[in-house]
Amino acid sequence: MNSINDAVENKINGLHYGNRLLLPFHAHILKIVIDDNIITDFSNDSKEVEISCKNNFMEIYFLKYKDLMNTVSEFENIKMILVEEGKDIFNPETHEKIALYLEDAHKVRIEKITEDILFIE
Amino acid sequence: MLSRFFLTLCRIIICTFFVNTDSIAETTSYTESISAVSGIESSLTLPDPLMMLPFIVLLIMIATGPLLFRHFWEHHYPKIAIFLGMITVLYYLFVINDTGSLFHTLAEYLSFIALLSSLFAASGGILIKVDRKATPMLNVILLLFGGVIANIIGTTGASMLLIRPFIKLNKDRIKPYHIVFFIFIISNIGGALTPIGDPPLFLGFLRGVEFFWVVEHVWYIWLPVILLIVLIFYIIDSRNTIAEDVQRTYSNTIEFKGIRNVIYLLIIVVSVFVDPNIMSWVPDFHPLPFGLREIIMFSMVIIAYRTADKQILKSNEFDFEPIKEVAFLFVGIFATMIPALQLIAYEAKMNGKELTPSVFYWVTGALSAFLDNAPTYLNFLSAEMGKFDLDINNKLEVLKFELEHPVYLTAISVAAVFFGAMTYIGNGPNFMVKSISERAGIKMPTFFGFLFKYAIPVLLPIFVLVWLIFFYGEV
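Which chain is which? The protein sequence lines are A and B, in order.
Counted the way the working numbering counts, the first sequence spans residues 1 to 121.
Counted the way the working numbering counts, the second sequence spans residues 122 to 596.
Treat the hints loosely; a few may be bogus.
Stated by the list, open to error - Here are the simulated lysine-lysine pairs, DSS-like style, with alpha carbons at most 30 Å apart: (1) 31(A) x 250(B); (2) 564(B) x 87(A); (3) 435(B) x 378(B); (4) 292(B) x 97(A).
Claimed, not checked - Looking from chain B toward chain A, a few residues come up when the C-beta cut is under 10 Å (computed): (5) 245; (6) 288; (7) 292; (8) 295; (9) 557.
Stated by the list, open to error - A short list of chain B residues far from chain A (calculated; beta carbon distances all over 10 Å): (10) 171; (11) 207; (12) 216; (13) 221; (14) 399; (15) 427.
These are calculated hints, taken from the structure and not from any lab test.
Beta carbons are placed, not taken as given, at the ideal position from N, Cα and C, and that holds for glycine.
Could you put together the complete structure from these sequences and hints?
Next comes the structure, spelled out in structure tokens:
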């Protein structure tokens, strides 16, 4: 199983199909910003997203969107704050901020959010 | 007098819902120009008050859509805005055969969206990084700076240029009130000093109001209002202690990237004056609903986007969605507000003799908060001038009006710009600033949250003070 850092440093891409996003690690998500939509409800009853962890990846369905490619344009991204599975979620230093860029051929480029990109926790 | 005018307004609204409108349409036909904006002297029929319904429905949907049916609204707002706008367009085309009002509204809309989209695209390629510790005083300085430059590059240009640095500066302590005060000062009130600052003043300038008349007659209202709002911000911001325990080192530098786009911004600002009414060499493309100015501005959108540094666009997460949202919503607003403006202009003209600067201040303000402030300003300028038997289409008479009755012109100039800060739809940049902030992860207040939690408590008392000090009792 890859860690978030593995995915970023080794440029391991995720995948996107329609409203489904597959990420090559397991993590607890704290916040997602897609378009101008701020998502913080990750309960089982959430009307926004459905998250599940498989053997060596996690998948997120964005229930309110048909196709993520139509929502996130070239210079935009999906922003997330997440905590690696197994790490202390209550320690703010474990909170990772990542940006996901959707590319052709269903690829999702995963980058750590730098100071340049606006993302308020 | 104030109550009488509001009664008239209420009458229009009540008629819309409860009265047999056939009889109203019959009795309110009249044969004079009801479109102050168009300047077309032709026989026109006053629209049926029922035709205010699409506008009211659109306003209600803009206010409640993101709150009550967010995803339906996000997916379908372009269709809804165009559908409601089309009702008005078809009514004007086939029921009252008034193509003049439609044509002029289209020209105004193209001007409006050309300016907004060009400033949006040009500023999207500029990156300003302020690496300093955010303090209430530094925020105050930035807000004041933005308020001043809004008069040079417009409220839209200043908002687009400064919103990201403002959020970044405050990233450890940002709260919705930061963005709200940014909208108050930089996206609206700051731009009250020059015709470049805000579109209504520019339309007044095109009609003949001298360029420096505004700063000469508004600065003594602008300054205390800005200082008062900034003071309120300072008090609130001083109580924000979220970031006190954040340990961070700062280089205390300001980094600026994208100088080429600054040149584009300057071209856009200069092109504002490329108008046949100002420069005789500028070709008049009439009957086309746009001119050389709009061509320059739309070209700047393409050039600025194509030539921008891709890394800056990535850092700014540049996307046309915010301007697309404004373009669609305002196409609906511009179209559906034609009947509302004409009915109000008619009432204002009929009662013009009895209207005081106080009435003009409040009514222009109230309507500017919910309608677009540019046509509102022009209609009330026309009504004010009509009160003194002057014609808005005659530049010499506009000059005479500004010299002999400055308090009237001051009242609508101040109200049109200041009250644009009351709602998200009061001025174009308000929506764009909201959208950029949400994309940065800041949960912004809803339409009603903005109005009731911030605009009414903070701005309304100040606007009442402005009225009491500068317009109350003036005749």
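Outcome of the hint check:
A C-alpha spacing of about 25 Å is found between residue 31(A) and residue 250(B), which places the hinted pair at or below 30 Å, so the restraint holds. At roughly 27 Å between alpha-carbon atoms, residue 564(B) and residue 87(A) fall within 30 Å of each other, so this suggested pair holds. Of the pairs offered as hints, the one joining residue 435(B) and residue 378(B) holds, with about 13 Å between alpha carbons and a cut-off of 30 Å not exceeded. Restraint check for residue 292(B) and residue 97(A): satisfied, since their Cα atoms lie roughly 14 Å apart, inside the 30 Å limit.
Contact between residue 245(B) and chain A, as hinted, is supported at the beta carbon level, the nearest pair being about 9 Å apart and thus within 10 Å. With 10 Å as the threshold, the beta carbon of residue 288(B) comes within range of chain A, its nearest partner Cβ sitting at about 5 Å, so the hint holds. For residue 292(B), the shortest C-beta to C-beta distance to chain A is roughly 6 Å, which falls under 10 Å, so the interface hint holds. A cut of 10 Å between beta carbons decides the hint on residue 295(B): the least distance to chain A is about 5 Å, and the hint holds.
At about 8 Å, the closest approach between the beta carbon of residue 557(B) and any beta carbon in chain A falls short of 10 Å, and the interface hint on this residue holds. The Cβ of residue 171(B) lies farther than 10 Å from every Cβ of chain A, with a closest approach of about 35 Å, so its non-interface assignment holds. With a least beta-carbon separation of about 25 Å from chain A, residue 207(B) lies farther than 10 Å from that chain, consistent with its non-interface assignment. Look at residue 216(B): its CB is around 38 Å from the nearest CB on chain A, clear of 10 Å, so calling it non-interface holds up.
Taking the minimum C-beta to C-beta distance to chain A, about 38 Å, the non-interface status of residue 221(B) holds against the 10 Å cut. Every CB of chain A lies more than 10 Å from the CB of residue 399(B), the least distance being 36 Å, so the non-interface label holds. The Cβ of residue 427(B) lies farther than 10 Å from every Cβ of chain A, with a closest approach of about 13 Å, so its non-interface assignment holds.
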